[in-house]
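Undergrad: Now for the letters of each chain:
Protein chains: 2
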Amino acid sequence: MTPMFTTFRGGQSGAWRITLNSAVRGEGLAAMPALAITQGPSIALPLVASATSWRLAGVTSHVRYVEKAEAEQLAEKQAPLGRRQATYAALIPIRKSAAWWALSQDERREILEAKSHHISASLKFLPQVARQLYHCRDLGEPFDFITWFEYAPEHATMFEELVAMLRATEEWTFVEREVDLRLKLVE
Amino acid sequence: MTPMFTTFRGGQSGAWRITLNSAVRGEGLAAMPALAITQGPSIALPLVASATSWRLAGVTSHVRYVEKAEAEQLAEKQAPLGRRQATYAALIPIRKSAAWWALSQDERREILEAKSHHISASLKFLPQVARQLYHCRDLGEPFDFITWFEYAPEHATMFEELVAMLRATEEWTFVEREVDLRLKLVE
Chain A
7 MTPMFTTFRG
17 GQSGAWRITL
27 NSAVRGEGLA
37 AMPALAITQG
47 PSIALPLVAS
57 ATSWRLAGVT
67 SHVRYVEKAE
77 AEQLAEKQAP
87 LGRRQATYAA
97 LIPIRKSAAW
107 WALSQDERRE
117 ILEAKSHHIS
127 ASLKFLPQVA
137 RQLYHCRDLG
147 EPFDFITWFE
157 YAPEHATMFE
167 ELVAMLRATE
177 EWTFVEREVD
187 LRLKLVE
Chain B
7 MTPMFTTFRG
17 GQSGAWRITL
27 NSAVRGEGLA
37 AMPALAITQG
47 PSIALPLVAS
57 ATSWRLAGVT
67 SHVRYVEKAE
77 AEQLAEKQAP
87 LGRRQATYAA
97 LIPIRKSAAW
107 WALSQDERRE
117 ILEAKSHHIS
127 ASLKFLPQVA
137 RQLYHCRDLG
147 EPFDFITWFE
157 YAPEHATMFE
167 ELVAMLRATE
177 EWTFVEREVD
187 LRLKLVE
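Residue numbers (the numbering used here), protein chains in the order written: chain A, 7 to 193; chain B, 7 to 193.
In case anyone wonders, no lab produced these hints; they're calculated from the structure.
Treat each hint with caution, since some may be false.
Since the list gives no way to pick one copy over another, a pair counts as held whenever it fits inside one copy or between any two copies.
[Claimed, not checked] Simulated pairs of lysine to any residue, SDA-like, Cα-Cα distance not exceeding 20 Å: (1) 74 <-> 108; (2) 74 <-> 29; (3) 83 <-> 45; (4) 74 <-> 104; (5) 190 <-> 67; (6) 74 <-> 129; (7) 83 <-> 167; (8) 74 <-> 103; (9) 130 <-> 146; (10) 121 <-> 193; (11) 74 <-> 116; (12) 74 <-> 139.
Please read these numbers as outputs of a predicted model, since none were measured by experiment.
I would like the entire structure built from these sequences, with the hints used as guidance.
TA: Quick look at the structure:
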């Protein structure tokens, strides 16, 4: 539960090769061949804008919507990052609208789960798709969240189903910027 | 709703004179004569530890527990910071335990409001006591929250009642570090 800062640097080298870089909504990210990921206990500073790299940063944190029964289901089903067979990944940063952030906690939970089934509908993709959510809104970053997904090549179709399911929800009508990066682990 | 970073610097000069510096639980903060407050759209960096100053930093953010009906009551009753008559202030940074942060959203809400009445019981101190909550846990800071309170000298007794009420709650059993600074506006 201790906050851990993670920096995703798009650039010329890194453990992951970027195979797709798609601006789903709003401004995209510059095309780069590779992604490097680093972690540390302090805030990753923004770099001066560069033609040959960009960086995103976020922090793992406590849950904001998950309730006790859901936490138990998630803990039982979810897989960790770093599995040997999970050589495919996706990095999906999103920013939600001011209207979303002006909502109260119960209104956001209602849209996220009661209407959009974000938590319960995602359970069926576990443990095949492993994921980690990073928060970045309160760090003054351009995105509000970054989600990192890892899966084996044979679960690529299942992963597309997960992404399509989330994008069709009422919750996603509050997403005003989204970029979708797909990656392969460098052998 | 846009995150705004605020830095509180204890040192030799500033608009507020520190009249009391009390370590309520855990490690305190070094005695300093004055407090300066600055705001900006980016993260305030930690300084190298100094014998003549310290700094705390936090970010205003969206609500984490307040529900719609409560938000409406708060909006109706609360006063803004910076009122001419509010020449007394308190700066109370706290850190909660790992056990708190491991709880799910519904468990934290249950303790905070259903059992501790943090939101509803605080309403009776509005608008006399104005306040602003700053989040700092996810910035990698030593405290999780900083609350800034402002009130007129004639409401000092009422303010003590508010502080005593909160410290007697079940929620406060999760507080593992708390410092209480009282201040007067420099004429």
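Undergrad: If any of the earlier hints don't hold here, list their numbers in rising order.
TA: Those not satisfied are hints 2, 3, 5, 9 and 10.
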